[in-house]
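Number of protein chains: 2
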Amino acid sequence: MDGIRALVFDVFGTVVDWRSTIIREGRELGRQKGLDVDWAKFADTWRAGYAPAMNRVRTGQLPWTPLDRLHRMILDGLLEDFHITGMSEDDKEHLNRVWHRLDPWPDSVEGLRRLKNRFVIATLSNGNMALLVNMAKYSGLPWDCVLSAELARHFKPDAEVYRMAAVLLDLLPEQLLMVAAHESDLRAAHEVGLRTAFVARPLEYGPNGTADKGTGSRFDLTATSFIDLAEELEI
Amino acid sequence: MDGIRALVFDVFGTVVDWRSTIIREGRELGRQKGLDVDWAKFADTWRAGYAPAMNRVRTGQLPWTPLDRLHRMILDGLLEDFHITGMSEDDKEHLNRVWHRLDPWPDSVEGLRRLKNRFVIATLSNGNMALLVNMAKYSGLPWDCVLSAELARHFKPDAEVYRMAAVLLDLLPEQLLMVAAHESDLRAAHEVGLRTAFVARPLEYGPNGTADKGTGSRFDLTATSFIDLAEELEI
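Chains as they are written, first to last, in numbering that gives the first Met the number 0: chain A, 0 to 234; chain B, 0 to 234.
Chain A with its partners taken away, still in its complex shape (with noise of 0.2 Å):
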């Protein structure tokens, strides 16, 4: 791993648990508003929208759009699919803005501060600079720098997203090091240039999810967690 300067990661999933968190703030919300809503299912409906939302900004269907709204279209959709009614715009707002309200993984902020003494270390997330930067200071993660395909107005896996970071941060696309649960991601990285590392997540999709195992593909290195990570760069 001689030569790496910086670690771009990916968020949602890698760093951060939106599933346990969506679910815990939906509970929340169905006790003060007295819903029967199966929030596992929920936050699953809701993540399984992404993909088919960016894709529709990825093939030109829809002009650049922050995932913020991407966001808010789709959970426009299930609130009628999940009989929710009695949101107030505010409301909406608030439930929307939940993935600004992520909780990292336990071992996130403190495998980031130990990566961070080394090595740059920069989100690169297809989540809009505004949702990451205030991500970061809910949750205390220690960012040198926000990147966000917001920037290149382009989603990963598109090839526009990980040039961008080399750019930015002045680097050769093999001086980074792309932190990913997720092997799509990494494989996109990788075919750009950067350098690989798998963090298995096997709880992203929930107790009974097919999260990635890491093994569909070769990767520079394979951790169990970000402090196992800081420990195979023997930091």
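Just so you know, the hints here were simulated from the structure itself, not pulled from any lab data.
Worth double-checking, as some hints may not be accurate.
Derived PhoX-like pairs: lysine-lysine, alpha-carbon spacing no greater than 25 Å straight-line [said to hold, decoys possible]:
id, chain 1, residue 1, chain 2, residue 2
1, B, Lys136, A, Lys136
2, B, Lys91, B, Lys136
3, A, Lys91, A, Lys32
4, A, Lys115, B, Lys136
5, A, Lys136, B, Lys115
6, A, Lys115, B, Lys115
Based on the hints, put chain B in the right spot on chain A.
Here is chain B on its own, set in the frame of chain A:
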């Protein structure tokens, strides 16, 4: 100051003391290389080349060029004018990157830490992203987010830069407070609807320099340091 959500900072001169750092590193280089150079004059001349170089980009004479590259173009001329010889390419690049290693003013880090407790704090500088990220790491500047003119491909005081900050932070212009030691920067921010805080840096151009006093226009706030600014904002 109700409704302020984020503080965006000019960096060179406002957060960091470019002049003292360049003089100190220059003297060290002079000792190593046996050079007889007036490093204060060298620093002032380098900085004096900054606005004209940016204006070549702003007027379309040059295509978009990151500040690191403009600094290098100016430096190459200075090395001739100051009869500085015996510099390898690595030496020149290292000297050019003194702008990545600028020391903060004595109140900057503590003041930013306090301001960060209440607000999003971000750079809004003509420095390129890599320069600002490296400087933050070098000096421990605790930014929530690094924003650069590079992201707008315009230099301040072009309106595009200030507008971009509001868009990327998903805030209204009036929810941003631009903090700078330079009146022209604040006037341009005000034109776009940002609120403005002048922080006096009387030594920016040295003991005999003519730093802005903050009296040429009205600003929403004026302060003598970032700690004073935090107190005015009641943090």
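Hints numbered earlier in the text: which of these fail when held up against the supplied structure?
Hint check: nothing fails, all pass.
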